[in-house]
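**Q** Got chain A; can you put chain B on it based on the hints?
Chains as they are written, first to last, in the working numbering: chain A, 588 to 1177; chain B, 588 to 1177.
The reader is advised that the hints may include incorrect statements.
Said to hold, decoys possible - Mimicking DMTMM-like on lysine to aspartate or glutamate, the simulated pairs with C-alpha atoms at most 25 Å apart in a straight line are: (1) A:Lys790 / B:Glu624; (2) A:Lys789 / B:Glu750; (3) A:Lys1016 / A:Glu1076; (4) A:Lys855 / B:Glu624; (5) B:Lys992 / B:Asp979; (6) B:Lys589 / A:Glu913; (7) A:Lys855 / A:Asp894; (8) B:Lys589 / A:Glu750; (9) B:Lys949 / B:Glu959; (10) B:Lys661 / B:Asp883; (11) B:Lys789 / B:Glu750; (12) B:Lys789 / A:Asp894; (13) A:Lys855 / B:Asp644; (14) A:Lys1002 / A:Glu1138; (15) A:Lys589 / B:Glu1140; (16) A:Lys589 / B:Glu624; (17) A:Lys789 / B:Asp751; (18) B:Lys1096 / B:Asp1166; (19) B:Lys1016 / B:Asp987; (20) A:Lys593 / A:Glu717; (21) A:Lys790 / B:Glu1140; (22) B:Lys789 / A:Glu750; (23) A:Lys949 / A:Glu1138; (24) B:Lys593 / A:Glu1138; (25) B:Lys1037 / B:Asp751; (26) A:Lys878 / A:Asp856; (27) B:Lys589 / A:Glu1138.
Calculated directly from the structure, the hints in this document are not laboratory data.
Here is how the chains run, residue by residue.
Number of protein chains: 2
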Amino acid sequence: MKIQPKNKRNLLKAALGEIPSDLCIQNVKLVNVITGEIYPANVFVYEGMIAHVEYQDLTKDLDKAKEVLDAKGKYMIPGLIDAHEHIESSMMTPRNFARCVIPHGTTTVITDPHEIANVVGKRGVYYMHEASEGLPMRQLIDIPSCVPSVPGLENAGASFFAEDIAELAELDRAVGLAEVMDFLAVIHGEDRMMDIIDAMDKKGYYLQGHAPYLSGRMLSAYLCGGPKTCHESRTGQEGLEKLRDGMFVDARESSITKNIEDIWKGIKDVRFFDHLCLCTDDREADDILHKGHMNDVVRCAIAYGMDPVLAIKSATFNTAREINIENLGAIAPGYVADMLLVDDLTELKPSHVFFGGQLVAKDGQLEVPVEEKTYPLEKENTVVVKPLTIQDFTIQAPIDNGTCKVNVMVYKDLKLSSTLLETIELSVKDGVVQLQDTSLKYVAVINRHKGHDTIGLGIVKGFGTTTGALASTVSHDCHNLTVVYDTPENALLAANALIRCGGGMSAVKENELLYVLELPLAGLMSLKPAEELAKDNQKMKEANRILGLTEMENPLLRIVTLALPVIPNVKMSDLGLVDVNAKQLIPLFA
Amino acid sequence: MKIQPKNKRNLLKAALGEIPSDLCIQNVKLVNVITGEIYPANVFVYEGMIAHVEYQDLTKDLDKAKEVLDAKGKYMIPGLIDAHEHIESSMMTPRNFARCVIPHGTTTVITDPHEIANVVGKRGVYYMHEASEGLPMRQLIDIPSCVPSVPGLENAGASFFAEDIAELAELDRAVGLAEVMDFLAVIHGEDRMMDIIDAMDKKGYYLQGHAPYLSGRMLSAYLCGGPKTCHESRTGQEGLEKLRDGMFVDARESSITKNIEDIWKGIKDVRFFDHLCLCTDDREADDILHKGHMNDVVRCAIAYGMDPVLAIKSATFNTAREINIENLGAIAPGYVADMLLVDDLTELKPSHVFFGGQLVAKDGQLEVPVEEKTYPLEKENTVVVKPLTIQDFTIQAPIDNGTCKVNVMVYKDLKLSSTLLETIELSVKDGVVQLQDTSLKYVAVINRHKGHDTIGLGIVKGFGTTTGALASTVSHDCHNLTVVYDTPENALLAANALIRCGGGMSAVKENELLYVLELPLAGLMSLKPAEELAKDNQKMKEANRILGLTEMENPLLRIVTLALPVIPNVKMSDLGLVDVNAKQLIPLFA
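This is chain A alone, in the form it adopts within the complex (with noise of 0.2 Å):
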């Protein structure tokens, strides 16, 4: 796949110096992603390509150019490519993501609108596409390929079939298949999984893989079925497996899972790179303000001992090569000219970001205006629950008083998203499972999609709260109504705030609400921009605190993967408990 010039003809005229050049960037030390080499250049820029690279005459045909920038001696590096994320995970619209993100260099994002695809459906993909229309970044869209997650296990707002991934796949920027969590459906050839496979392989397009903890004959069972990425390697082990095996690694610094200083540490004495990508997957408003986007990722990378140069050869040219784009991802003749300037390679902040050949930000700021606009999904309230009461919150045991067995889902690290299964012995009163330490809490996973009325009750282990409720309805991937409490009066309020405002996150304690996060676009998203979002989320994470998770770097996104029956072992949804590995669903009673 080839992103094509405006006018070819005039670009070749321009490389050849017979029409002038739009803009030369003179006296930059080039980044040559391609070659690992970094040497002196003028890049002569043309209708958003480069047409052409200067390093041997620096003196050269600067009145080829309408206009000249001295670099002054600053790096430029190429723009950076996210190799996976999903902007809802930003609670970001959008536009409001690219005003964020733009100025920290980020100028091509290929993101899977799957959270929003599971509450709405093919309009949350449609309206994702047609809201990142004409921004000054490129928001490339992976089609989802798991709506639901994992089907039979949650109900969705929707349920996606190969027919609807191919109608998905005519976008305009679509490039892939994203992330294909349902790694048992491709391992054992399941048929809705095959032809969405086959579907998108027949347009030509690549398969983003999601295979955590995936080894020996599994993993080449899921390579065989055809996807070829990976960002959920969390350790060296895991990375340098995948790596020998083919596959690409999108090795990962989220706002809640870092992964890249464990996965280099395997792979660094491996000689060729090739497949080493990097991610964000999921990362949140106030972290992307204050810490950065992916030069954060970069310079994460590069202060765990990765070389600067292949550090950004892994986020530039690497992720081009992995989604097919011949000509992105690099600063050479025929590229996109998607350019930024930077004094430090390892500091990665971007003087001067160029999208397109056009200069979008500088010193930290936009540029050019992003323009404002809104669509009938952001004022849609998409949490429709039945009224709720105490009795939907508490769980009935299968005795009067005593005690039972239950099987519960347990978190043994705060870092990890992934639990295990235990069975606890609980007292119960009057019928009623009882808490009896605060390292327990209750759990219900409400459906909030029209036509579903289900709730998921359950109990979890190490969670990190020690009082009160928290709730989300940004509860990937079906993003269900999840509340973690110690009573379920906590409970009914803490969902009620969110049901009310159309969604968002919320935190009670002694039966006050201590705030509500509010994000009406499908329960997921702000329609506040970073700087307004980042202080609500500051807010919400304080409240987090106050509930007990004090030892979280960033507590926000606890809740958020406590329903993901993609992420072993056991996980919970609207329907109960999940046994994650064996694709089923457990009694909550042993």
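**A** What follows is chain B alone, placed relative to chain A:
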């Protein structure tokens, strides 16, 4: 683009070990071209694909294969891929070519059938495709872009336009647009070439380039035009500039032109070699039989100082990336099972060659039959020339006697196919231009295609023969009957010998026919197998030496680029002397 398994569900089962693999190659030292590592492994193959690579426990699962082959610690490397070649240049049919190269470990070639296309048009491409069906190797076809190489400067047997190329691109094994030699047509955005490139871009095919000596803004324009590869770099500087500008450098070691040593000198200090590939371009039977094919190219690269694993990567993985085939060129789950076993990574003599998981050659011998087939084109005489006379070979001067200034094509070096233009004062006797020393020879390029009867006459200096006439219907790319001669009498004898037998090469000295190498298939190829053809070639080379070409290692192909008007600076065609750079004809008399 991906090569799909026969039955994906069964492949998944074999990967999982639920059904037996067809073969386990046990105890290999796996050369992992993706990571650059070498480690012990067992490789499981199912229906032509790699189902699983086991390296963690080498004692495991050996019972999960129908057959186990103990590799006894030999190195396993991917089957070698030739990034660019013309099978016609081997002078063998596709089937005989396969028989010859497979034992050397070439399992895939990207072939450009533009030689035969210039003679018989689309029929030639269809023939090359049909005649390579069902072979125990993969002959992938790039669709010829330049038939003829430069329209207006020569007459070929056919002309291809965008619609012809789009038609041919529908062939099963079409993968790209073949070397876009008419670089000036690209650079200047000529309509026919832009249409051809657009047609292939729309199909998502890669565009193979050809950019000898292009540099600076000319090279930039060529790249902006679309082609992304070049096998024509001759110096280290040229190779380095092309790598830096994002081009794939297909370093060549043909029977005529040996560029790898010089290219490597220029690029060896860069850090990343993702865009380095290797190719043969033109190798004749004698060479392949006695030196090797891609294994010899890799061997040469290593001898010139390239690290063995990098050299192997450049002849496998990198090339598969260049041509956009995702699961070719490495040994990993889901990849095509093209693999070699070798005892030594610098010698690269494969003891076992596996194509699609099948053992196709062992210890230098084919292990599978290549079915004999014949096709109508193989019996057709394509050399269509009106009866020739001495007058056709006589250069008439504008004066009767005295001297005149003649524009002469001058070779400065026997190793180079490029030439210079010089104006030389020659004597004229009875109206005929005379040759005053043996470094000068007459040249006639006689159109030999139906519907044309043009003859271009000129003078060449430094060609290398000192006496007699050398004739050839192998004469890139129009393959007109080209004769280099001392007297019209010798020329007539040499030419008529080829017209009689349907084409080939002939040598005449003092009115005596020294040898005729018969190439009746399109005047380009023999129907004989490599062993017989190599003996014929040796006889023809001996005849070349008798005519004075004693200092070339391989004189056979000296004549074949004399009429190739895409090699700077001047060449001959059936229309006369050509200024390659200016794309125009030059008058013979200055």
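**Q** Would you mind marking each hint as holding or not holding in the structure?
**A** Results for each hint:
For the suggested pair A:Lys790 and B:Glu624, the alpha carbons sit about 34 Å apart, so the restraint of at most 25 Å is broken. For the proposed pair A:Lys789 and B:Glu750, the alpha carbon gap of about 23 Å is at most 25 Å, so the pair holds. Using a Cα cut-off of 25 Å, the hinted pair A:Lys1016 and A:Glu1076 holds, with the two alpha carbons roughly 17 Å apart. Proximity of A:Lys855 to B:Glu624 is assessed by CA-CA distance (about 12 Å); at most 25 Å being required, the pair is judged to hold.
Annotation: proposed proximity of B:Lys992 to B:Asp979 holds, straight-line Cα distance about 21 Å (limit 25 Å). At roughly 16 Å between alpha-carbon atoms, B:Lys589 and A:Glu913 fall within 25 Å of each other, so this suggested pair holds. Restraint check for A:Lys855 and A:Asp894: the C-alpha separation of about 10 Å stays at or below 25 Å, so the hint holds. Proposed proximity of B:Lys589 and A:Glu750 is supported: the alpha carbons are some 21 Å apart, at most 25 Å.
For the suggested pair B:Lys949 and B:Glu959, the alpha carbons sit about 21 Å apart, so the restraint of at most 25 Å is met. As the CA atoms of B:Lys661 and B:Asp883 are separated by approximately 19 Å, the hinted pair is consistent with the 25 Å bound. Annotation: proposed proximity of B:Lys789 to B:Glu750 holds, straight-line Cα distance about 13 Å (limit 25 Å). Among the hinted pairs, B:Lys789 with A:Asp894 is inconsistent with the structure: their alpha-carbon atoms are about 38 Å apart, more than 25 Å.
Of the supplied pair hints, the one linking A:Lys855 and B:Asp644 holds, its CA atoms being roughly 23 Å apart against a limit of 25 Å. For a cut-off of 25 Å, the pair hint linking A:Lys1002 to A:Glu1138 stands: about 10 Å separates their Cα positions. Using a Cα cut-off of 25 Å, the hinted pair A:Lys589 and B:Glu1140 is violated, with the two alpha carbons roughly 43 Å apart. Between the alpha carbons of A:Lys589 and B:Glu624 the distance comes to roughly 32 Å, so the proposed pair goes past 25 Å and is violated.
Between A:Lys789 and B:Asp751 the alpha-carbon distance is near 24 Å, which keeps this suggested pair within the 25 Å criterion. For the given pair, B:Lys1096 sits about 31 Å from B:Asp1166 by alpha-carbon distance, which is inconsistent with the 25 Å threshold. Distance check on the hinted pair: B:Lys1016 and B:Asp987 sit about 6 Å apart at the alpha-carbon level, within 25 Å; holds. At most 25 Å may separate the alpha-carbon atoms for a hinted pair to count; A:Lys593 and A:Glu717 meet this at roughly 21 Å.
Restraint check: the Cα-Cα separation between A:Lys790 and B:Glu1140 comes to about 49 Å, which exceeds 25 Å; the hinted pair is violated. Straight-line distance between C-alpha atoms of B:Lys789 and A:Glu750 comes to about 23 Å, which keeps the hinted pair within the 25 Å bound. As the CA atoms of A:Lys949 and A:Glu1138 are separated by approximately 36 Å, the hinted pair breaks the 25 Å bound. About 52 Å separates the Cα atoms of B:Lys593 and A:Glu1138, which puts this hinted pair outside 25 Å; it is violated.
In summary, the hint linking B:Lys1037 to B:Asp751 is supported, as the alpha carbons are separated by about 19 Å, within the 25 Å threshold. Distance restraint check for A:Lys878 and A:Asp856: the Cα-Cα separation of roughly 29 Å exceeds the 25 Å cut-off, and the hinted pair is therefore not satisfied. For the hint pairing B:Lys589 with A:Glu1138, the CA-to-CA distance comes to about 47 Å; that exceeds 25 Å, so the pair is violated.
Checked against the numbered hints given earlier, the structure breaks hints 1, 12, 15, 16, 18, 21, 23, 24, 26, 27 and satisfies all the rest.
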